[in-house]
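Q: Now for the letters of each chain:
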Amino acid sequence: KQEVTQIPAALSVPEGENLVLNCSFTDSAIYNLQWFRQDPGKGLTSLLLIQSSQREQTSGRLNASLDKSSGRSTLYIAASQPGDSATYLCAVSYSGNTPLVFGKGTRLSVIA
Amino acid sequence: GAGVSQTPSNKVTEKGKYVELRCDPISGHTALYWYRQSLGQGPEFLIYFQGTGAADDSGLPNDRFFAVRPEGSVSTLKIQRTERGDSAVYLCASSTGGRRETQYFGPGTRLLVL
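Chains as they are written, first to last, in my numbering: chain V, 504 to 615; chain H, 694 to 807.
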């Protein structure tokens, strides 16, 4: 059974700090990996999608890297802001257009 | 344009009752997914439709759960004889069906079984 693990489960940082969220997956034969953001009581918003052939993707202050051979991905958030406070979920797909396998998420609080 | 919508946003029911949860995908999206998210957990896959047919229903926990998508657009998740353990947020997602396309999620239906 494929498993996705996210560390830490929760993180609290002061505003302006750079931070890294970690994701690991047991089966390295992934098709792609996505990072999502979830605000309390809301659905999921896709932040970045990395295909298995790619090493990283960037969007604004966010950078996601993928090391498929070691089964790891990181989400780097630069110059964190209070508005970044949310739960960040990592999910993998094992072939195109198939169900995603999610981690439990990292709950981030950015303190002003 | 309109995103994925789900109704109702909240549903409270009593143990043993029947419930239906509705998902309206993005127009033109052929692939539709149902996930269930318990408190403090990530979403877990339930069922996936490609067009009108269920391409993968391996995530449905038991035969009390059933889903349909009769015209290849709107989908309904049906839960019979609800149990307290069914309480969760039920999320729906859709995509174009293309191999590199991301899934777009709705806001979810929060189901509470008393």
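What the hints contain is simulated information worked out from the structure, not anything from laboratory work.
Do not rely on the hints blindly, as some may be mistaken.
To be verified - To be clear about the criterion: a stretch of chain V counts as covered by chain H if any three or more of its residues have a C-beta under 8 angstroms from a C-beta of chain H, and this derived list gives those stretches:
1) 547 to 561
2) 602 to 610
Unchecked claim - In silico contact screen, one side only, chain H against chain V (beta carbon under 10 angstroms); selected entries:
3) F738
4) Y741
5) A748
6) F759
7) P763
Stated by the list, open to error - Listed next, the in silico DSS-like pairs over lysine-lysine satisfying Cα-Cα at most 25 angstroms (straight line):
8) V:K571 - V:K504
9) V:K571 - V:K545
10) H:K771 - H:K708
11) H:K704 - V:K545
12) H:K771 - H:K710
13) V:K607 - V:K545
14) V:K545 - H:K771
15) V:K607 - V:K504
16) H:K710 - V:K607
For each residue, glycine too, the CB sits at the ideal point set by N, CA and C.
Q: Could you run down the list of hints and mark each one as holding or not?
A: Here is how each hint holds up against the structure:
Residues of the segment 547 to 561 of chain V lying with their CB closer than 8 angstroms to a CB of chain H number 5, which satisfies the three-residue condition for coverage. As drawn, the segment 602 to 610 of chain V meets chain H at 7 residues by the rule of a beta-carbon pair under 8 angstroms; at three or more, the given contact holds. Interface restraint check: H:F738 against chain V, minimum CB-CB distance 4 angstroms, threshold 10 angstroms, status holds. The interface hint given for H:Y741 is met, as the beta carbon of that residue sits about 5 angstroms from the closest beta carbon of chain V, less than 10 angstroms.
Hint status for H:A748 relative to chain V: holds, with the closest Cβ pair at about 9 angstroms, below 10 angstroms. For H:F759, the suggested interface contact is broken, since its CB lies about 17 angstroms from the closest CB of chain V, more than 10 angstroms. Because the closest C-beta pair between H:P763 and chain V is about 21 angstroms apart, greater than 10 angstroms, the hint is violated. Restraint check for V:K571 and V:K504: satisfied, since their Cα atoms lie roughly 17 angstroms apart, inside the 25 angstroms limit.
About 30 angstroms separates the Cα atoms of V:K571 and V:K545, which puts this hinted pair outside 25 angstroms; it is violated. Taking the CA atoms of H:K771 and H:K708, the gap is about 15 angstroms. The hint holds against a cut of 25 angstroms. Proposed proximity of H:K704 and V:K545 is supported: the alpha carbons are some 15 angstroms apart, at most 25 angstroms. Proposed proximity of H:K771 and H:K710 is supported: the alpha carbons are some 11 angstroms apart, at most 25 angstroms.
About 16 angstroms separates the Cα atoms of V:K607 and V:K545, which keeps this hinted pair within 25 angstroms; it holds. For a cut-off of 25 angstroms, the pair hint linking V:K545 to H:K771 stands: about 22 angstroms separates their Cα positions. Between V:K607 and V:K504 the alpha-carbon distance is near 15 angstroms, which keeps this suggested pair within the 25 angstroms criterion. Taken as a hint, the H:K710 and V:K607 pair is broken in the structure, with Cα atoms around 29 angstroms apart against an allowance of 25 angstroms.
Hint compliance for this structure: hints 6, 7, 9 and 16 are not met, and every other hint is.
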